[in-house]
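Visitor: Modelling step: build the complete structure from the supplied sequences, incorporating the hints.
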Amino acid sequence: MPADNSISRRSLFGFGLFGVGAAATALGIFGRDAVSGSASGVGLLDSAENATRTVQRLLLDRTALAPEFSEAEVAPTFRANGSTDPTDADYVALRDGGFKDWRLEVAGLVDKPLSLSLDDLKAMPQRTQITRHDCVEGWSCVGKWTGVPLSHVLDLAGVKPGARYCVFRCLDTLEQTADGNGKYYESVDFVDARHPQTILAHGLNGGPLPVANGAPLRLRVERQLGYKQAKYIKRIEVAADFAGVEGGKGGFWEDRGYEWYAGI
Amino acid sequence: MTAAAVAPAPARIAYVKRHSALVRVTHWINVVCLTFLLMSGLQIFNAHPALYLGNGADFDHPVLSLDATQDADGNVTGGTATLFGHSIPTTGVLGASKDDNGDLTARGFPSWLTAPSYQDLATGRRWHFFFAWIFAINGFVYLANLFFRRHLTRDLLPTAAEIRAIPKVALEHARLHFPKGEEAKRYNVLQQLTYLVMALVVLPGIVLAGLTMSPGMDARFPFLVALFHGRQTARTIHFVFATLIVLFVLVHVLMVILSGLWNNLRSMVTGRYAIEVDADAR
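Chains as they are written, first to last, in this note's numbering: chain X, 37 to 300; chain E, 4 to 285.
Simulated from the structure, these hints should not be mistaken for laboratory data.
Across the chosen pairs, the derived CB separations fall in these ranges:
| no. | chain 1 | residue 1 | chain 2 | residue 2 | range |
| --- | --- | --- | --- | --- | --- |
| 1 | X | Gly218 | E | Leu25 | 46 to 54 Å |
| 2 | X | Ser76 | E | Val34 | 18 to 26 Å |
| 3 | X | Ala87 | E | His232 | 24 to 32 Å |
| 4 | E | His30 | X | Glu107 | 46 to 54 Å |
Note that beta-carbon positions come from the ideal geometry of N, C-alpha and C, so glycine has one too.
Guide: Quick look at the structure:
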């Protein structure tokens, strides 16, 4: 009995470890804003993003398709988010002209830069898919998209060796900033750019793409979240990296703290 | 215990090894992970504080929503929680609560419950996925131990006799009479069933429901979408399971306190658990 009651070295070690863990947890809870605001705290938490991207890329076959749905599941009105009615002067002029003067520029590391009208795009091979749009906020909406597979456009332009990303430059300004660079942009790598469901969509639910949803052309990257689906596209830059573009993180929301790989 | 002093034959205290090192370590890692997963999960929920069923969201008919009411000038006047169309005022806690400046602001869950405290979805996701990885790996280790080292059959699966004893044990529990002696060495049947449901249904289920919200995972494992009847249903189940975990923790901690805080805490830290052995029952 006396031996049983004495605190053994192992118990001391156990309680010591427990105490350190409890103190660290309490610090984490009360210092959660400090951790969130510090570079090292964010760096530690971000290690999870690398793990997520690496594992999902390992798991996901290049051609694994996002689930597609039946007509019955299509939402009557597709919820619009982000920019829904851009007021940028160049966009307003194009919109008022029925997008007759709008062109999709394909530039950068390509053999043959392209300038394509909406009719040019509609004359290309088309793909229609009913997919689920997953917003990072948590909601989803099912829509029927029609457009040109991005890989077809890339093949027309001819991708040069060394190209790793497609950067999508958009007509809409989502945030008015002092230096005027609140324009929306996004980027995907060639795993997603060449995916069969990755299309440049000009149609929604059987009609033309509405302004609220990105007219005249938006991206669909069905295995990633909503903010990757750039709207109001004017230009695709094929590039080796995106470090020099805007904030350098590869997208409007990426520059504001969101993950570049938005598979979860 | 004072009971020992009045008993004719004084009870002898014996120490048994209650929990294996693996169970103890995974238990406390779970405590840390679930704490931050809950707080960051509520931060993420606040980005769109409503739950739906199916694949697409029926924005007009949420299962649950936490909303703020506003006056004509757009000032937040109060908060409501609406479950299946029935609203109750929850000003100050749900739907609307005070920000750092003391102003009532539209917010699903209040800042003291979220990580970070201020509204920041991107950072909330960082916290969530960081701890989600640790939680999933930790759970995998625990489950491997459960199945391969006989923790399941030896400690958690109730015997037929234990199943039959459920009403009796429930009554004893309700009277706050806790098992002593030999009986205390083993989880009672209510503990067994609760821990089984948590370890095999709720905790793995919340991970799977979380993964079902990932468009990438749904492309790789389309059966997840079918299993949960759609991404929005998965999100709702994720929330319901999180609520069940909170309820479990509340009851669990209460029971730990009522049935001997120090003894229970020590057994989960060092493994040593004291039981009273009747002196003349040998």
